[in-house]
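Undergrad: Protein sequences, first through last, are from chains U and W. For the record, in the first sequence the residue sitting at position 254 is 253 according to numbering that gives the first Met the number 0, with numbers rising by one throughout. For the record, in the second sequence the residue sitting at position 516 is 515 according to numbering that gives the first Met the number 0, with numbers rising by one throughout.
FYI, nobody ran anything at the bench for these hints, they're computed from the structure. Check each hint, because a few of them may be wrong.
Unchecked claim - Derived lysine-lysine pairs resembling DSS-like cross-links, with alpha carbons at most 27 angstroms apart:
id : chain 1 : residue 1 : chain 2 : residue 2
1  : U       : K65       : W       : K28
2  : W       : K33       : U       : K60
3  : U       : K267      : U       : K408
4  : U       : K28       : W       : K65
Protein chains: 2
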Amino acid sequence: MIKNSIGRMIPGEVNGVKQIPFKGVAKYKPEGLKAAPPIRSCSDYPTDGNKVVSSLQEALKKCGLKDGMTISNHHHFRNGDLVMNQVFEIASEMGVKGLRWFPSAAFPCHKPVIDHINNGTIDWIEGSLNGPLGDFASGGGMRGTGVLRSHGGRWQAVQDGEVHIDIAVIAAPTADEFGNATGDRGPSACGLLGFGLVDTLYADKVIVVTDNLVPFPCLPWQIQGQNVDVVVVLDKVGEPEKIVSGTTKLTRSPDRLYIAELTAKFVKAADILHDGFSFQAGAGGTALAFAIYLKEMMKNAGIKARFIRGGSTKYLVEMLEEGLTDFILDGQTFDLEGVRSMRENFGHVNTSPFTSYNWHGKGNFATMLDVVVLGATEVDVNFNANVVTHSDGRMLHGIGGWQNCLFSKCTILPIPAFRDRIPIIVDKVTTVVGPGELIDVIVTERGIAINPLRKDLISATKNSKLPIRKIEEIKAEVDDLIGGPPTKPELTDEVVSIVKWVDGTVLDSIYKIKEEE
Amino acid sequence: MIKNSIGRMIPGEVNGVKQIPFKGVAKYKPEGLKAAPPIRSCSDYPTDGNKVVSSLQEALKKCGLKDGMTISNHHHFRNGDLVMNQVFEIASEMGVKGLRWFPSAAFPCHKPVIDHINNGTIDWIEGSLNGPLGDFASGGGMRGTGVLRSHGGRWQAVQDGEVHIDIAVIAAPTADEFGNATGDRGPSACGLLGFGLVDTLYADKVIVVTDNLVPFPCLPWQIQGQNVDVVVVLDKVGEPEKIVSGTTKLTRSPDRLYIAELTAKFVKAADILHDGFSFQAGAGGTALAFAIYLKEMMKNAGIKARFIRGGSTKYLVEMLEEGLTDFILDGQTFDLEGVRSMRENFGHVNTSPFTSYNWHGKGNFATMLDVVVLGATEVDVNFNANVVTHSDGRMLHGIGGWQNCLFSKCTILPIPAFRDRIPIIVDKVTTVVGPGELIDVIVTERGIAINPLRKDLISATKNSKLPIRKIEEIKAEVDDLIGGPPTKPELTDEVVSIVKWVDGTVLDSIYKIKEEE
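Only chain U is shown next, with the shape it has when bound in the complex:
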């Protein structure tokens, strides 16, 4: 174990790969060349462009599925994916062992994968683990260490050759027989396929799986057939109604609504709200409520945004269609209105982690945002924040674009001061996912805390009459109310997962939960 620049212990090697400890924000400079996929030849592909094979099993065989491979997929169907459980069922039937599953995120619908870990088909999952799979990994169930990456970090890892994908499986709501594919139309339309883009660019073999085969050319070609090896047609690839998960519903809690309103007021007071500004609000209920308050303020002030970054929802689509923004630059659609709008509106733009988040490119969109509003499970008095583990140490969430968004010009975390009688502001977060220097403002129902590094924000808002307080003060008040700081989670010293920073270095470790006696 090595201590990194923020004092967290991290393993020197993970799954046989040497790790670089986190060196500080923007301190690590990558060297070398990007990953390079094999050169292919058209003489090995059908000249009529028809790459359709008769079954998923045939496709996997054609792509040479074998022991120890890395299999990847995107998560645009979120909890409605119908493909990956089938893939691992087939792999299991074929007797394949020791796979690494490399999804952009796994959801509760993928719970059957636990059986495939137990039966030896899969050794470990490297990707965001939401719900039951996270819980399983927290208990030490995987043969291999989890690696949590942001959306941008996943692109970076593939691009930089840290993760080599053998076979990418791309569920596609519409595709042609050549492999061109789009997410914005078809009976299972899920919006876009941006999380799978890097897979198609760098994987050795790419399988497109669709339930809506159209005559060539399928347009828009969010995924290009020139990167695709095989096409499979199934009855149904996903349940788009399930992309609307619990986290994408507007909050009804009076406390959270108050926090959302305070956040919008802060944005106004700090003079961030100007014509041509930009913002991103996550899909959590409070963030959605923030967007609604902001919208009212924009209408009242006659202000128009130049762009909003999504995760798109019907609330953002309304803003676009009412002329309150020129563009939605969208990384994933969170509801069916988002899907419709992406199909219909020129200003609703399909993006990818490359354009939005990749730290190892020549710039990205996240750093240009005027303000971003995100959630967190814990924050500490140094503004470090956690988004993957709960206070009990269990790993239950993925990072998403959260780390990448921290580079905005103003990052605000609107969070309740406590949840289920557990204080959210702590002395030291269980897991550092965001370094404090990048987190500018914490908004709670008990006041707003501004990071002391942001003297500009402190000065801009000092006459605002907003309840601006020191973070230590808010913490003390909450601890007092609850009867002291929260009890520390019961953890072993066995690392079940690491948390990567956006540059591929290791920020923190996640430990196995102590079994209850």
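Since chain U is already given, all that's left is putting chain W on it; use the hints.
TA: Chain W only, in chain U's frame:
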């Protein structure tokens, strides 16, 4: 010199790089990995996304311009480019020597480059040479050997690492300060920027030069800012009215009109014309006339194409807007109606040599086409064709997408039997640019010759009453009329350029012209 599989002599090494002789169509299998550009970090780029510098000179300095580098650009402005002469003027003033210029094509407007070869700034040009630069190279004026590649071959060469680009200069009719760029709008709109796409993906440094800077984000982002290092704003980057060159005007010659009509009739007789079919016709006057005849046939028969591949012109745009095709898959706009349509019509799609032509991908569009109609400077009795040199041996044209298109299901060359009293059908073409096995039909005003390999076409058209004849018969008739076969060009044994095949192997050599005494 080595003899390749079609008996042509080619140099074993060109510009210090070992060459692979042509091995036959689809016979050479590439090995190894694609080229890999350096990994970059956002920490080296402005977080506000503003990459604008004050001058082209500053941009070139910032990108580290120095002796021996390879500088590339696209040719979407064709004869109206205003940027590259400035680039080499600056390089010359900076005292830089020994550059390789790697354009996707050079035009008569680039004649000043000859001075920069003479003064040592540029050693040689590697790219299509049209007009005066071709003439100059044919006379042995370059210090280095020319390399002629098809559009697909240029993508292949960069992708496969045969050509490493140090600095790419992308003239962009509209761009934002981050480097997102599009060709479809702005005062200098030229349609698309697809020929420059590979440059932005693989070059070490990329400069976007625009005369129309818009607020971020510039959409559509045909070129993505995440691949761009520096942005420069100039008064004017190109003269779009000059993209309409002489070759893109409809023929008025009665002979050529007759050839075009015969070609369309052949397509109908061969049963290629069916609902959902596809075609590509080059930008030459005869090819355009063919498209017009075809259009009438389609209307009369109630037939709709699924897609037409462009070079787009107003004639193709009319077909799209009249509902005679679902899509134009466009590689370059040849007139301003093409530009407008690409901006306005969902069905007018921006493509690149990657999607359309690259032989070293997992398929491409060219092989899927039902029929393609192209020009040629010479054809021989074995159906080998030439498109780069004239009968006098002078290299005056580029290959364009010509070689790539030969892979269509039916390739037709409608050509006059003679030009300026020089027969076009010869015993042996001066330069082999297209192997005979890929050329299916020759249409002249003296009859139609079908390649004996295409028994299916011979059989389909045998009762058509079309003037189908043996190629040797047409040749004999023309030679007889002219008074014998043409005189052979006066050439030295010095190679001034090589002709690459789509897979990077060498198909033929082009020799220095003998000086007139």
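Undergrad: Determine for every hint whether it applies to the structure shown.
TA: Tested hints:
The straight-line distance between the Cα atoms of K65 (chain U) and K28 (chain W) is roughly 25 angstroms, inside the 27 angstroms bound, and the hint therefore holds. A threshold of 27 angstroms between alpha carbons decides the hint, and for K33 (chain W) with K60 (chain U) the separation of about 25 angstroms falls inside it, so the pair holds. With a CA separation close to 14 angstroms, the supplied pair K267 (chain U) and K408 (chain U) stays within the 27 angstroms bound. With a C-alpha separation of about 25 angstroms, the suggested pair K28 (chain U) and K65 (chain W) falls inside the 27 angstroms cut-off, and the hint holds.
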